[in-house]
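Taking the hints into account, I'd like the entire structure generated from these sequences.
Chain by chain, the residues:
2 protein chains.
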Amino acid sequence: MQNRIRAVVFGVGTMNSIATRLLLEKDVDIVGALARSDEKVGKDLGIVAGLDRQLGILIERDARALFERTKPDIAVIAVNSYLEDAQDQLMACAEHGVNVVTLSEEALFPWKTSPKITAEIDALAKKTGATITGTGHQDTYWVNIVAMMMGSCHRIDSVNGTVSWNVDDYGPEVVSLQQVGTTPEQFGEWLASASRPPTFGRNVVDALVADVGLTVVTQTTETRPDIAARPIRSRSTGVEYSPGTVIGFTDVDQVVTEEGITITYQMSGRVYDPHEYDVNEWEINGEPDFSLSNGKVPTQISTCAHLVNRIPDVINAEPGFITIEKLPRLRFRAFPLHTYVK
Amino acid sequence: MQNRIRAVVFGVGTMNSIATRLLLEKDVDIVGALARSDEKVGKDLGIVAGLDRQLGILIERDARALFERTKPDIAVIAVNSYLEDAQDQLMACAEHGVNVVTLSEEALFPWKTSPKITAEIDALAKKTGATITGTGHQDTYWVNIVAMMMGSCHRIDSVNGTVSWNVDDYGPEVVSLQQVGTTPEQFGEWLASASRPPTFGRNVVDALVADVGLTVVTQTTETRPDIAARPIRSRSTGVEYSPGTVIGFTDVDQVVTEEGITITYQMSGRVYDPHEYDVNEWEINGEPDFSLSNGKVPTQISTCAHLVNRIPDVINAEPGFITIEKLPRLRFRAFPLHTYVK
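Chain order of the listed sequences is A and B.
FYI, in this note's numbering the residues of the first sequence are 180 to 521.
FYI, in this note's numbering the residues of the second sequence are 180 to 521.
In short, the hints are calculated from the structure, not lab data.
These figures come from a predicted structure and were not determined experimentally.
Beta carbons: idealized from backbone N, C-alpha and C, even for Gly.
Among these hints, one or two may not hold up.
[To be verified] Cβ-Cβ distance ranges computed for the label pairs, FRET-style:
hint, chain 1, residue 1, chain 2, residue 2, range
1, B, D267, A, S337, 14 to 24 Å
2, A, N339, B, P294, 41 to 51 Å
3, B, G308, A, E455, 47 to 57 Å
4, B, A408, A, N339, 36 to 46 Å
5, A, A408, B, D208, 51 to 61 Å
6, A, T518, B, K505, 12 to 22 Å
7, B, E352, A, E455, 43 to 53 Å
8, B, T307, A, K521, 22 to 32 Å
9, B, E455, A, N339, 53 to 63 Å
10, A, K521, B, P294, 25 to 35 Å
11, B, R375, A, E401, 20 to 30 Å
Dropping the structure here:
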């Protein structure tokens with residue numbers, strides 16, 4: 180019998196507070212927790228994660244010291260979005276041979292947007308036997324389910340996806356990254372000076388292209404601000420934004436491939452009006468045509484469930500920076516998570 | 180480099196006529212074709228399949244003689260639906276070490292409905308190195324896409340699927356199996372005396388349960404006739420059925436599992452009114468809830484594309500009766516099919 184899985188909760192914000200409960204419900208042993216802020220460090224994980232009970236796990240600040248002491252099987256990371264910001268966390272894990280699932284959006288497929296950092300983490304992880312994987316809602320709904328539908332086609336001319344997510348579901352860090360509360364002028368300046376891809380549609384399309392095995396001829400990104408048409412209140416910041424204020428943005432990522440397939444992916448991350456909900460809509464044109472709609476999409480919980488359900492696949496995988504096209508199709512975890520580890 | 184794939188087209192009806200074109204467009208070498216009827220045997224496959232050109236392949240009747248002479252890599256079978264009827268074809272393939280993709284609906288997961296025949300074919304295939312797999316539209320849309328969505332859930336209480344298909348898309352054999360044109364009384368007598376599961380919803384649910392790794396506590400099937408409410412013409416038979424006539428039937432297959440998940444699958448195969456189309460609608464209730472709709476579903480072409488696109492997976496798989504939960508996630512075949520063979 181496989182031993183129970185020993186996990187570290189890395190970052191205790193909105194998402195990992197949910198993931199903490201899911202891990203416990205799947206019989207994972209949480210052996211440590213990490214956060215940056217003074218309000219969290221030293222407090223019990225159960226209290227900070229809103230479980231209304233102590234878990235006997237005091238939140239710490241020093242990842243390397245925690246890994247050294249507890250030797251966990253996996254770190255569940257929910258801290259930031261870009262690989263540049265995540266580099267030190269991932270290197271700390273790789274150094275100590277600790278496997279990683281992270282919801283860092285760029286980590287879904289960072290080989291093209293941050294090739295140097297990715298290769299560095301990959302090389303170290305291969306040495307120590309760690310597997311580093313980015314996952315989340317996008318794993319199934321923006322990549323695998325689309326690639327699976329593509330697999331059922333004889334010929335494909337174009338693939339068109341339209342998705343949205345509510346920035347209020349992901350905490351203040353994401354609200355700020357989405358430029359919520361800026362003016363259109365400030366947004367334009369930010370966009371003109373952005374040193375990195377402004378969002379993660381690029382990484383989703385890169386993951387899909389890698390999964391299907393296509394070769395990119397041209398790749399473009401267009402970014403436009405989403406502007407409040409009427410006063411709109413953010414749950415996350417508590418601020419009511421007046422009409423004309425930026426409440427997020429929409430990216431349109433497009434690739435044209437050597438194989439004659441054009442993939443267009445439009446993703447909007449913004450503050451929602453009360454009547455709005457997350458969508459996931461796809462159309463494939465070819466022989467035959469296919470469409471897909473997931474109705475009202477629970478992106479937030481889905482991301483947390485992916486973080487947890489992917490853990491056995493990540494532990495079972497080869498070492499290195501292993502992106503999702505190299506993992507098996509995700510399966511439901513009806514039993515304690517360690518029973519799925521080979 | 181892998182050699183080109185050598186295929187035999189086994190059965191030249193509605194479905195394999197389409198599959199013949201798809202195989203050629205994916206650079207598969209068709210080395211033989213098999214049919215039963217006097218109108219087809221001796222004629223050129225290209226003409227019978229409606230390609231308007233000769234392929235230099237004369238349709239034969241004797242599978243064993245053809246396999247002996249041509250030693251194909253794969254037989255693409257589109258002849259019948261039940262394993263009892265398909266047994267001799269599959270044994271002929273297994274005897275000669277010829278891999279199989281078949282659209283036989285029961286073959287999708289026959290281990291529970293025909294365990295003895297399946298085990299016999301499995302044992303022989305293992306000896307000769309052949310892989311036998313049932314696939315079709317149901318592979319992706321009624322099993323894998325559902326299991327993948329289940330994989331994105333933390334907890335599942337119930338899974339509900341509603342699908343339909345137009346019997347007119349599959350030729351007269353299927354029209355007859357669906358009891359089209361009978362009276363409700365005749366239907367009732369047929370149902371009461373049926374020695375085998377009246378339809379294939381059972382096999383879809385069995386495949387899904389096997390994929391997810393659940394244990395069945397109870398399993399039920401309810402079958403009700405679909406009755407014409409107004410005159411309705413079948414494209415396939417050319418007959419106009421009067422109100423009150425049976426135009427197909429609907430099955431509701433339900434399993435309750437030890438893991439607390441109830442799966443309910445409702446499938447209707449009937450003659451359509453002009454405004455009707457195939458549907459694929461799923462709801463998962465749990466944490467979180469998920470729904471899926473594929474809009475207007477092209478079930479017929481999808482089945483043919485699965486027959487072709489699954490060939491590399493089947494050739495790559497271990498020998499035996501290998502059901503789809505043991506195959507990798509289906510991928511689009513952008514390149515000649517043999518380039519995907521390991």
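Subject >> Hints violated by the structure (numbers, ascending) >> reply: 1, 9 and 11
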